[in-house]
Structures are given as C-alpha cells and as structure tokens.
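**Q** In case you want the letters, here they are:
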Amino acid sequence: MNKSKWFFTPVLIWLGLFLIVPMLIVVAMSFMQRDTLGNVVYSFSWEGYKTFWDSLYLGIYWDTIVLSITTTVICLVVSYPLAYYLANSSPRVQNWGLILITIPFWINFLIRTYAWVLLLRTQGVVNSLLIHFGWIDEPLQMLYTKGAVLLGMVYNFVPFMVLPLYVAIEQIDRRLLDAASDLGASRWKAFWHIALPQSKAGIMTGSVLVFVSTAGMFVVTDILGGSKSSMISNIIQAQFLGARNWPFGSALSVIFVLTSLVLIVLFSRVMKSRSDRTREGGKA
Amino acid sequence: MKKKGHPLLGIHSALMMIFIYVPIVLVMVYSFNNTRLSGDWKGFTLDWYVSLLKDRHVMEALTNSLIVAVVSTIAATLLGTISALSMRDIARKWRGPLNGVLYMPVIIPDIIMGLSLLVLFSQLHIPLGKSTVMIAHITFSMSYVYVVVNARLAGMGRQLEEAAQDLGATYWQTFRHVTLPQITPGIISGALIAFTLSLDDFMVSFFVAGPSSTTLPIYIYGQVKRGISPEINALCTLLILVSITLILLAQYVLNRGKGQKKNKMLPF
Numbered sequence: 149m150n151k152s153k154w155f156f157t158p159v160l161i162w163l164g165l166f167l168i169v170p171m172l173i174v175v176a177m178s179f180m181q182r183d184t185l186g187n188v189v190y191s192f193s194w195e196g197y198k199t200f201w202d203s204l205y206l207g208i209y210w211d212t213i214v215l216s217i218t219t220t221v222i223c224l225v226v227s228y229p230l231a232y233y234l235a236n237s238s239p240r241v242q243n244w245g246l247i248l249i250t251i252p253f254w255i256n257f258l259i260r261t262y263a264w265v266l267l268l269r270t271q272g273v274v275n276s277l278l279i280h281f282g283w284i285d286e287p288l289q290m291l292y293t294k295g296a297v298l299l300g301m302v303y304n305f306v307p308f309m310v311l312p313l314y315v316a317i318e319q320i321d322r323r324l325l326d327a328a329s330d331l332g333a334s335r336w337k338a339f340w341h342i343a344l345p346q347s348k349a350g351i352m353t354g355s356v357l358v359f360v361s362t363a364g365m366f367v368v369t370d371i372l373g374g375s376k377s378s379m380i381s382n383i384i385q386a387q388f389l390g391a392r393n394w395p396f397g398s399a400l401s402v403i404f405v406l407t408s409l410v411l412i413v414l415f416s417r418v419m420k421s422r423s424d425r426t427r428e429g430g431k432a
Numbered sequence: 006m007k008k009k010g011h012p013l014l015g016i017h018s019a020l021m022m023i024f025i026y027v028p029i030v031l032v033m034v035y036s037f038n039n040t041r042l043s044g045d046w047k048g049f050t051l052d053w054y055v056s057l058l059k060d061r062h063v064m065e066a067l068t069n070s071l072i073v074a075v076v077s078t079i080a081a082t083l084l085g086t087i088s089a090l091s092m093r094d095i096a097r098k099w100r101g102p103l104n105g106v107l108y109m110p111v112i113i114p115d116i117i118m119g120l121s122l123l124v125l126f127s128q129l130h131i132p133l134g135k136s137t138v139m140i141a142h143i144t145f146s147m148s149y150v151y152v153v154v155n156a157r158l159a160g161m162g163r164q165l166e167e168a169a170q171d172l173g174a175t176y177w178q179t180f181r182h183v184t185l186p187q188i189t190p191g192i193i194s195g196a197l198i199a200f201t202l203s204l205d206d207f208m209v210s211f212f213v214a215g216p217s218s219t220t221l222p223i224y225i226y227g228q229v230k231r232g233i234s235p236e237i238n239a240l241c242t243l244l245i246l247v248s249i250t251l252i253l254l255a256q257y258v259l260n261r262g263k264g265q266k267k268n269k270m271l272p273f
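Note that the protein sequences, when read in sequence, are chains A and B. Taking my numbering, I'd label the letters of the first sequence as residues 149 to 432. Taking my numbering, I'd label the letters of the second sequence as residues 6 to 273.
Worth flagging that the hints you see were computed from the coordinates, not collected in a lab. Accuracy of the hints is not assured; some may be wrong.
Short derived list, chain A residues pointing at chain B, Cβ under 10 Å [claimed, not checked]:
hint: 1; residue: Leu160
hint: 2; residue: Leu163
hint: 3; residue: Val169
hint: 4; residue: Leu172
hint: 5; residue: Val189
hint: 6; residue: Ser193
hint: 7; residue: Leu331
hint: 8; residue: Gly332
hint: 9; residue: Arg335
Per the computed footprint, the stretches of chain B lying under chain A, defined by three or more beta-carbons under 8 Å from a beta-carbon of chain A, are [said to hold, decoys possible]:
hint: 10; region: 114–128
hint: 11; region: 218–226
Glycine residues also receive a C-beta, built at the ideal position from the N, C-alpha and C atoms.
With these hints in hand, go ahead and build the complete structure from the sequences.
**A** Structural data, given as structure tokens:
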C-alpha cells in the first residue's frame, strides 16, 4: 500500500515548476532592472522598488488600499444580516439561499461587471428609469466614476463574504442565544456579545477573501472606472503586458503580496484581541 | 421563542438577492431584445444568437476555449486525483506542508499566478499559445479536483480497502474494485468543476495566451472594453447558462451516492 506515496512525485514536480519556481523568479526579477529596449538586465538593482516611491505610484497604492478596505467593510455590513437570516431560517430556505449565493461564484466576474455597464451607462437602465419617473431631466454620469468601481467591487465580492459568514454563524450554539434571551438580554445584546464574537472566524475569512480579491481585480477598474481610475493591479498588468517593465511590475507584485500578508496578520491580531477582551469581560 | 430574527432581516435579505440577480438577469433579457441601440424593449429576437454562430472570431475563440478546457480538465483531474490518493500514504508530518502547496493556487491572487507564469514561459523561451494556457489551467484546476476528491476519500475510511487486502486482493485489484468506485462521484464532480473553471478563466489566461489562442473570456473582455453590444449579451448568456448547468451537475453527481453525507458545494 505504501508505494502509492511515490505517485505524489509528478504532482510535486508540476507544482514546483509551474507554481513555486515562477513566483521565485518574480521575486528575483523585482531586484533587477530593464534596459532601454525593455529587456531584463540580470544584475542586482533597487530600481523597481525605487520607482515605487514616486508619488504617482504611492498615491495609486494608497487608493488601492482605501478602495479594498472600503469594499471589504461594505461587503461585511451588507452580508452579515443576510448570512444571519439564512443561518436562522428553515432548512428549505437555507438550501435555496445557499444555492442562490453560490451561483454567482460560477458566473464569470467579467460578465457580472459588464452587467453594470448596461445599468449605469448614460442611455442605461438606471438613467432611463430615473428620467421615465421624472426624477431627473438629464442622464447622470454614473459610469466611469469611483462610485461605479466601488459598486462593481462590492457586487462581485458580496458572495465571497456571505458564504464564510453563513458557515460561521450556522455553527454558533443556539442554546447560548436562547440562554441570553431567557436571562433578559435584548436581541442586540445577544448579537453583540454572543453571535458576533463567535462568528469572528467567518468575518476573518470573508474579509481576507474580499480584500485580496478586490486589490487584484484590475478588470473592474478597467471596465467601470474608465481611464481615470486605476489600482495597483492595473499598473502591474500594464507593466507586464504593455509598458514591458517587468522588474518594476515584479517589484509591485511583491509589494502587493507583502501588503496583503501584513494587513491579514494585523487584522487577525485585532480580531483576536477583541474576542479575548469580550471573553474576559464575560468572566467579570 | 424569538427564533425568527427581526423582520427587517428578511427584507434586507430579499433586497440583497435582488441586487445580486437583477444585473445578471438583465444581461440575459437584453440578449433577446430586438434593437441594437436603445435600452428600451423592442420585442423578442434570436438574431444575436444567430449572428454569434456566423462570427468567425467567436467561433475561433470557442474552439480554443473548448480545446484548452478538455485537455486541462483531463490532466487536472488526473493530477488532482493522484494527489488525493497518494496523500493518504504520506507521513503525517509532510501532509501539512504538501496540503499547503496544493491549496496555494486557490489562495494566490489570479493576477500573481498569471504574471509569474508569463515570466516563467518567457525565461524558458516557450512561445505563448494554447499549450501555455493549458499549463496554467491545469495548475489551478488540480487544486479544486484535489479538494473534492479528498473530501470524498475522507468520508469513506479505509476499512473496505483493508478488508479487500486481507482477503488477498493485490494493490491494483483493491484500487480498481474498491477504492475507485467509491471516489468516482468525486472525480466526475471535480472534473466538471475543472472544466467550468477553465472555460470561465480570464485573469490567468489573459497573461499567458498568445495572439492566436484567444479564449472566449478574453474575446469578451476585448469586446466589453469597446462598449456594449447585443451579441456580447447573447454570448454572456450562453456562458452563464453553461457554467451554471455544469456546476449544478457537479453538485448532483457528488450528492447522488446514497447514504453519503451531503456535501455542500463550497467554492473554496
């Protein structure tokens, strides 16, 4: 029976060659520079990271973080009540709700983003309706704005938040909530002291998923934001497919991944200390 | 007593579902709208679907997508299944790290995976084309196959296999007649997921596709950047319907086995 472990070798070779090695090359390339023709020069250089300190790129970097955090917070706020409702519904509603939340995962985000072009453009559905009801006279410019980008991001990633939240809330021991309400706690108190702390694993997973996905999603800014808005991922994409400055693109990718990791660690620390405090508060 | 939540919760949930589904349904409805320009409803037509069939670029992208999806599904299913099976015989201390590596493609942002593969292919002087797209798709799909088959294996235990071997079955006989039949639903389901992922992928393909290997999502992206068109609505509608059908089928296959604990299809 034991010989079957050697079958793992081709898998390991595949993942090494097409997953690990490529990322190591990107890290190495981030410490190189390019010549005037766009070719990579194989010698050590901080050039890629130095370019990042240009105020233009720093500004875009900051915008990306703000947009990603805003998207995450909005997703969390609108998803929690939905996940809470689903987790407390009858099995039939739960099943259907879950199917409805899962289906968007399997619809191309390109299509889901494009759908908003139909809605938001000047002759689009929203403007037509607003004019039809006489609420506005002139069509509003909604497409190619920051608001459109934020809306597109929230729309794309709400399911990413709902599912982990649902899984976490569903596992909360109902008896605790019943006990709280028997002891006279208001719904709000029971939610704040029991449901919320106990669903923190779901909040964590959902937030990380939404944050990282938002930051990496250059298509939404591309399609809904027009040329005016861009994120770090748009710049990265342009370095590799347009401007041909691969060392700079690599440096930005390393910065992107490191930032995500740092924020994830910080966030999990905050979540942890918050729940510790609640637990101690409960004991007192 | 207060089992039901606040009534506002229900209203909020209904509104969220409307928010999620109105745009998608709208694309589908517009694909049947008999006008090229305005947003008003001008009657039902199938013209846009017909003109898709006549469009050479669409047909070429469709062919590319299907070739890539078929090849990468076969390879990813094989590699994913092998990973899940052999993982059981690997020493416990190695399982954690190997699991981590297998989960990486699910966790790494698509953009990073795409650009790092682009860099690798260019360093190895491999020209971009259908084969590079296939390699990329195999790499991320096999993780999903692994997750599904692994869940199936974890649910079945090893008693039957041990019994077969005690009764004198060889390793291959045990595999062929005991293990394989039990994990087949997982394998089929994993393959359907791999196929859907490949058909749907844009981000990774965008980096590693050459000019002659445009896939459907890449084609759609190019068109969407130019503005809206009824043909794109039709193409999107078809892609939505195919993806949903495949995924529901995968879910059905996975849960069909009697007595099996129901697996909820979580995409990660």
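**Q** Determine for every hint whether it applies to the structure shown.
**A** Right, here's what the structure says about each hint:
no. : hint    : verdict
1   : Leu160  : holds (8 Å)
2   : Leu163  : holds (6 Å)
3   : Val169  : holds (6 Å)
4   : Leu172  : holds (9 Å)
5   : Val189  : violated (14 Å)
6   : Ser193  : violated (17 Å)
7   : Leu331  : violated (13 Å)
8   : Gly332  : violated (12 Å)
9   : Arg335  : holds (7 Å)
10  : 114–128 : holds (count 12)
11  : 218–226 : holds (count 3)
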